[in-house]
Amino acid sequence: MSPTSRTPLELIDEALHHLELARSYAQRDLTDPMTLDAISLRLAAGIDALGSLPPHIRDEASKGEWHVLRGTRNRIAHGYLEVDPKIVAATARRDLPILVTTLASLRQRLIKGATCRQATNNAG
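The opening position of the sequence shown corresponds to residue 1 in our numbering, with each subsequent residue numbered one higher.
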């Protein structure tokens, strides 16, 4: 991935936006091809945002499973006809809640760290 001018917090916010939409779409009829397309699109976009994070943050966000996330994104983006709708549905229902929770927690730690750094800078 190329460097980005967006902060890690902005990238996590973008990823959360896409992944939370994908998760909400997973509550719909998963036999509907348009719903599966929407989930796949948002899943790939969320993973792309994570791919722009600095590697150490990306690895923390993915709990060391970045290669699995990236492979999922690549399968969607480059081999869509081979994407199994059952896998998309299972990913959206089983894996996305865990990833969203992890990202939300990481987001809060980044905010807290930025607040602490700002307070230290203002005190010095």
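Hints may be right or wrong, so weigh each one.
What the hints assert, rightly or not - Simulated DEER-style distance windows between Cβ atoms: (1) S105 with D29: 27 to 33 angstroms; (2) H67 with R93: 18 to 24 angstroms; (3) L9 with A89: 27 to 33 angstroms.
If you are wondering where the hints come from, they were derived from the structure by calculation, not from laboratory data. Please read these numbers as outputs of a predicted model, since none were measured by experiment. For each residue, glycine too, the CB sits at the ideal point set by N, CA and C.
Given a hinted range of 18 to 24 angstroms, is it respected by the beta-carbon distance of H67 and R93? holds, 22 angstroms
For S105 and D29, compare the CB-CB distance with the range 27 to 33 angstroms and indicate the outcome. For S105 and D29 the Cβ distance comes to about 31 angstroms; the hint holds.
Between L9 and A89, does the beta-carbon spacing fit 27 to 33 angstroms? Taking Cβ atoms as reference, L9 and A89 lie about 30 angstroms apart, which means the hint holds.
This entry satisfies every hint, going by the numbered hints stated previously.
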